[in-house]
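Enquirer: Top to bottom, those sequences are chains V and W.
Under full-length UniProt numbering, read the first sequence as residues 1 to 227, first letter to last.
Under full-length UniProt numbering, read the second sequence as residues 1 to 227, first letter to last.
Note that these hints are calculated values from the structure, not bench results.
Worth double-checking, as some hints may not be accurate.
[Claimed, not checked] Restricting the straight-line Cα-Cα distance to at most 20 Å, the calculated cross-link-like pairs of lysine to aspartate or glutamate (EDC-like) are:
no., chain 1, residue 1, chain 2, residue 2
1, V, Lys198, W, Glu195
2, W, Lys12, V, Glu63
3, W, Lys198, V, Glu96
4, W, Lys12, V, Glu35
5, V, Lys12, W, Glu63
6, V, Lys104, V, Asp177
7, V, Lys198, W, Glu35
8, V, Lys12, W, Glu59
9, W, Lys199, V, Glu96
10, V, Lys12, W, Glu195
11, V, Lys12, W, Glu35
12, W, Lys199, V, Glu195
13, W, Lys150, V, Asp76
14, V, Lys150, W, Asp133
15, V, Lys207, V, Glu63
16, V, Lys150, W, Glu63
17, V, Lys115, V, Glu35
18, W, Lys198, V, Glu195
19, W, Lys12, V, Glu59
20, V, Lys199, W, Glu35
21, W, Lys199, W, Asp133
22, V, Lys150, W, Glu59
23, V, Lys198, V, Asp177
[Claimed, not checked] Now the in silico label distances, taken between C-beta atoms and shown as ranges:
no., chain 1, residue 1, chain 2, residue 2, range
24, V, Ser176, W, Glu192, 38 to 44 Å
25, V, Glu96, W, His174, 24 to 30 Å
26, W, Glu181, V, Arg101, 35 to 41 Å
27, W, Arg101, V, Asp177, 28 to 34 Å
28, V, Phe71, W, Asn102, 29 to 35 Å
29, W, Asp40, V, Ala203, 24 to 30 Å
30, W, His174, V, Arg147, 25 to 31 Å
Even glycine gets a Cβ: it sits at the ideal position worked out from N, Cα and C.
There are 2 protein chains.
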Amino acid sequence: MQPIEPAQSLMKVTTDRIRLAIIAGELPLGSKLSEQGLADVLQISRSPVREALAMLQQEGLVEVVPKVGSFVFTPDIQSALDLGDHRSILEAACLEMAIERNNKTLVAELQSGMKQMEDAVAQNDPVGYTQADMLFHNAIVTCSGNRSIKRVYPNTIGPLMALRTHLFTVMNAHLSDSMSEHAALIELCQNEDIEGAKKLIRAHVFKLIGLYQSSIDAQNAEAAKTA
Amino acid sequence: MQPIEPAQSLMKVTTDRIRLAIIAGELPLGSKLSEQGLADVLQISRSPVREALAMLQQEGLVEVVPKVGSFVFTPDIQSALDLGDHRSILEAACLEMAIERNNKTLVAELQSGMKQMEDAVAQNDPVGYTQADMLFHNAIVTCSGNRSIKRVYPNTIGPLMALRTHLFTVMNAHLSDSMSEHAALIELCQNEDIEGAKKLIRAHVFKLIGLYQSSIDAQNAEAAKTA
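Extracted from the complex, chain V is given alone in its bound form:
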């Protein structure tokens, strides 16, 4: 028999639950977060909800406005650029280590993530696509073998994954681009082309930031028209 895992901290479970709801778009960007409302939905007391919101504020997923309340973040373009730099620095470094140390497993796991993304696209399943995309990028981090980066990575990409969900309608048009980039990355890993793989991962991450910039520009143009 496997030993039963000791209970996780309620604060951690609550944090993970709210983080996932933000990433999946269940709690949209900019929406107000009520401590009591979340406590009711999660059927727990307010205290772990309060601590979870403090944690998520640290991760950049929640913004607290004193005397007004807590909100899901809405990044300005500079925050999105900072997040893109941060993510591509980590993923490029992990790609290099993974190709050098663990290339066979890396290629196999990237191919498996790619297969799941293709299935999700075929079934028009956006939640499945997001999960498969996370699997693909997690494989890069896990195969690097660096446990310290693996520990912080999920808290780093949260805001970017939430942005990705937010942009899903815009991104649908770009899905085939994204899929060919994933395929090209697998080929570069197979050829152990470290510099090419690092360059591509950066371009891949910054395509999302470019889409966000376009969506902000479009909103501003719309606002200027109606002003």
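Starting from the structure of chain V, add chain W where the hints point.
Expert: Just chain W now, kept in the frame of chain V:
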């Protein structure tokens, strides 16, 4: 009048307090952490202490052994290597951004940190030296302008700073090496030599890991002798 800052979450204050005690060596590597003991010293209830220990476990500073208790971490050499890679990846990337975007401020802040380290050495003040060293490396991250990396950096280098304190007796002999590396880094930044600066920061971080490896080897040799 300046507005009064809203009260920080008690959990966050508690986490910061315990993290600093570990980094400063007040709570040595491997020592047992009693929830009640910490609650008594900090004059708070056990609940925020419990949540703080859960946070610090996420950061890698605390290890929880089910049914035994919580301990300050004692990294094996692989964990130390992972931490060194993680830290030098972030600092090298930040150096590049800081030199490109903000070089004058960077050089001025590095010089100011260097001055404080020299004063601490002159006064034989190890705590002051640790604080000045953190200031020096924080300047690299802050001057990069990347707010996302700035947010996670203190939680990333905690375990390495704790290692540094732990090795302080060994490191005293290496202090002049370390000081000349700091001086050389300032010169490379002044010359905007990005590749040189990135290479040196990696060597500087990995010198610490090398010292830790030597101290583990020495302990093992001692244990083999007495066995």
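Enquirer: Next step is simple, just say for each hint if it's right about the structure.
Expert: Quick rundown of the hints versus the structure:
Between Lys198/V and Glu195/W the alpha-carbon distance is near 17 Å, which keeps this suggested pair within the 20 Å criterion. For a cut-off of 20 Å, the pair hint linking Lys12/W to Glu63/V stands: about 16 Å separates their Cα positions. Proximity of Lys198/W to Glu96/V is assessed by CA-CA distance (about 16 Å); at most 20 Å being required, the pair is judged to hold. At roughly 18 Å between alpha-carbon atoms, Lys12/W and Glu35/V fall within 20 Å of each other, so this suggested pair holds.
The suggested pairing of Lys12/V with Glu63/W holds, with an alpha-carbon distance near 16 Å, which does not exceed 20 Å. This hinted pair does not check out: Lys104/V and Asp177/V have alpha carbons roughly 25 Å apart, beyond 20 Å. Among the hinted pairs, Lys198/V with Glu35/W is inconsistent with the structure: their alpha-carbon atoms are about 45 Å apart, more than 20 Å. Proximity of Lys12/V to Glu59/W is assessed by CA-CA distance (about 13 Å); at most 20 Å being required, the pair is judged to hold.
For the hint linking Lys199/W to Glu96/V, the alpha-carbon distance of about 16 Å falls within 20 Å, and the restraint holds. At roughly 40 Å between alpha-carbon atoms, Lys12/V and Glu195/W are farther apart than 20 Å, so this suggested pair is violated. For the suggested pair Lys12/V and Glu35/W, the alpha carbons sit about 18 Å apart, so the restraint of at most 20 Å is met. Only pairs whose Cα atoms come within 20 Å are accepted, and Lys199/W paired with Glu195/V is accepted, the gap being roughly 17 Å.
Restraint check for Lys150/W and Asp76/V: the C-alpha separation of about 17 Å stays at or below 20 Å, so the hint holds. This hinted pair does not check out: Lys150/V and Asp133/W have alpha carbons roughly 26 Å apart, beyond 20 Å. Distance hint between Lys207/V and Glu63/V is unfulfilled; the C-alpha atoms sit about 25 Å from each other, more than 20 Å. With a C-alpha separation of about 17 Å, the suggested pair Lys150/V and Glu63/W falls inside the 20 Å cut-off, and the hint holds.
Using a Cα cut-off of 20 Å, the hinted pair Lys115/V and Glu35/V is violated, with the two alpha carbons roughly 39 Å apart. Only pairs whose Cα atoms come within 20 Å are accepted, and Lys198/W paired with Glu195/V is accepted, the gap being roughly 17 Å. For the proposed pair Lys12/W and Glu59/V, the alpha carbon gap of about 13 Å is at most 20 Å, so the pair holds. For the hint pairing Lys199/V with Glu35/W, the CA-to-CA distance comes to about 47 Å; that exceeds 20 Å, so the pair is violated.
The suggested pairing of Lys199/W with Asp133/W holds, with an alpha-carbon distance near 19 Å, which does not exceed 20 Å. Taken as a hint, the Lys150/V and Glu59/W pair is honoured in the structure, with Cα atoms around 11 Å apart against an allowance of 20 Å. Between Lys198/V and Asp177/V the alpha-carbon distance is near 18 Å, which keeps this suggested pair within the 20 Å criterion. Taken as a hint, the range 38 to 44 Å holds for the pair Ser176/V and Glu192/W, whose Cβ atoms sit roughly 41 Å apart.
The given range of 24 to 30 Å is respected by Glu96/V and His174/W, whose C-beta atoms sit roughly 29 Å from each other. For Glu181/W and Arg101/V, the Cβ-Cβ distance of about 28 Å falls outside the hinted range of 35 to 41 Å, so the restraint is violated. A C-beta distance of roughly 30 Å is found between Arg101/W and Asp177/V, which places it inside the suggested range of 28 to 34 Å. Judged by the Cβ atoms, the range 29 to 35 Å given for Phe71/V and Asn102/W holds: they are separated by roughly 30 Å.
Take Asp40/W and Ala203/V: their Cβ atoms lie about 55 Å apart, and the range 24 to 30 Å is violated. Our hint of 25 to 31 Å for His174/W and Arg147/V holds, since their Cβ atoms are close to 27 Å apart.
When the structure is compared with the earlier hints, violations turn up for hints 6, 7, 10, 14, 15, 17, 20, 26, 29 and for no others.
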